[in-house]
Amino acid sequence: MPDHEVGITDLLVPRRAELTERVAWFVRLRWLAVGGMLLAVPVGKKLLGFEKIDGQRILALAGALFLLNCCYVLISRALHRPRDGGSPDLRKVELFAKAQVLLDLLILTAILHYSGGIRNPFSFYYIFHVIISSILLSRRSAYGVAALCLGLFGAMALLEHFGVLSAHPLNALQQKPSAGYVLTAIMAMGTTLFTAIFMATSIMQRLKQKEDELEKAWREVKQLEATKSRFLVLVSHEMRSPIVAIRSMLDALGVAYSKCLGEKAVEMLSRASERADSLLTLTKDLLTLARQQSMQEHHAEQEIVDLAALTRNGILLFKAEADEKSIVLKESYPEKAIGVRTDHDSMNLVLSNLISNAIRYTPAGGQVGVSWQLEGRRAMLKVSDTGIGIPESELPHMFKEFFRAENARKFTASGTGLGLAITKNIVERLGGTIAVDSRLNEGSTFTVMLPLA
Amino acid sequence: MSKKVLIIDDDPDIVEAEKMILESHGYDVDSASDGESGLAKAEKTKPDLIILDVMMSTMDQGFQVAYKLKQSPDLKKIPVLMATSVGQVTKFKFDPKTDSDFLPVEAYIEKPIKPADLISTVERLLRA
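Note that the protein sequences, when read in sequence, are chains A and B.
So for the first sequence, this note's numbering puts the first residue at 1; every next one is plus one.
So for the second sequence, this note's numbering puts the first residue at 1; every next one is plus one.
Keep in mind that the hints were calculated from the coordinates and are not lab data.
Every clue listed holds true.
Straight-line C-alpha distance at most 20 Å; calculated EDC-like pairs for lysine to aspartate or glutamate: (1) B:K114 - A:D277; (2) B:K68 - B:D10; (3) B:K114 - A:E274; (4) A:K284 - B:E110.
Short derived list, chain B residues pointing at chain A, Cβ under 7 Å: (5) D11; (6) D13; (7) I14; (8) A17; (9) M20; (10) I21; (11) S24; (12) K111; (13) P115.
Computed from a prediction, not measured in an experiment: that's the story for all the values here.
We put the beta carbon where it would ideally sit given N, CA and C, even for glycine.
Isolated chain A (complex conformation) (with noise of 0.2 Å):
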């Protein structure tokens, strides 16, 4: 698949997805928290100089966070592998991350009130659990997360204050704080974590929004291209029998009635069968191209094909052709095998769509050159000629479906512009990459990069 593609799945993770891998984040991070407050009671003591910390409680409260974030774990191995075999179910997903919310905020405000209440500074760590809920849980449960935040907060200041709580300052140089500075404390949490709150919930609206009408598009997208598909074959094959008959009745005309109709009528005959031929090339390569179009979004078959093997056979079929143009045909291959991850069907079009065009646009008496080698991780195609070349104009079109040269239209009626079309979409579906270099009158290079197996 090629890339691009690979990026716009990746934005439109469901959203059930989304919530079940932020909660595995949330275990993650508390493993972090329960790290952290094992550090900061030596720390604060040893060095910042809070000899009053209240060590005991502090890791006491780190190892209930401990136990609790096993059994988080356990939880949400059970949530994800429900027993009926069937996805995970969302409203528990989303309750279990609501009560690790509200359990964490619990044991935030416990560790504030044992290391110095509103005084310490990590009572910032409230901003965190507000984004956080406001980018998983909706709206109304964000504000909620914020009330509950500020609620805890402000009990905590205010029973401290009022001496309900024992205050725990961190030495003996914070004083009780006057009630002026609880007020204060207490309005600055409330408008950062509201604030903070309608922030994050406007962007993650608006992202949401802009990712649902994303899913839309490309959905929409998707369908049209499968239409699109189908139309193609449908034509192509309502097309196909009647330019059958057509041709098969020129034919017999010609053959039949040669003699009566005059050398005249005979060619114009025999041109009109022609034209018909044309017309069935053309709705052959419209299949080719429908079908491989649709192979790319059911992915076809595939082994792995060495592609040197592959190119000596199909090589053969081109010999004839080349010989009677005088055209010589040169082929190099590495010692090594070429393993390519492909479908032989696949790998023998791209393969005649290049060598059949480089003899069909180099003049008598030219050559054809096809060599594979192999670079690093990847096998390199080279089909190069020495024929009429491409306007350096007309070469960021060359893979665009019905796209001639005007040079090649005038060198030869035939072709339909799909060869290279269809060559490229196989190349990309491969994992791959085509490209051309040519100089009008000189000749053209294509390049094949195709990912080894």
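Start from chain A and add chain B according to the hints.
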């Protein structure tokens, strides 16, 4: 005596075109527009060669006719030339090179058939 060729094909234009070419080369041509009447005609007239279209009203009718021809003790000696366009038109994969073992007809030819190819193939089959 001229050789008898039976064309089984549901496209009247194709039938007429093939008929015209074969008749101009001195063959005696009869035709049928579906599998059933084709088998009946083969039974009755015992042609020297049968040209059979793979796709008629249903996608594999031609194959079924071929099976029946090759199972019939009276008809199995008659060479069958199968005209295909199956490989290109449907997703139905069919490769005469590998699949002819289970479907023992004498030759395959891809539509549209060029007059020269038709005549040379018919001549080759009748000589064998």
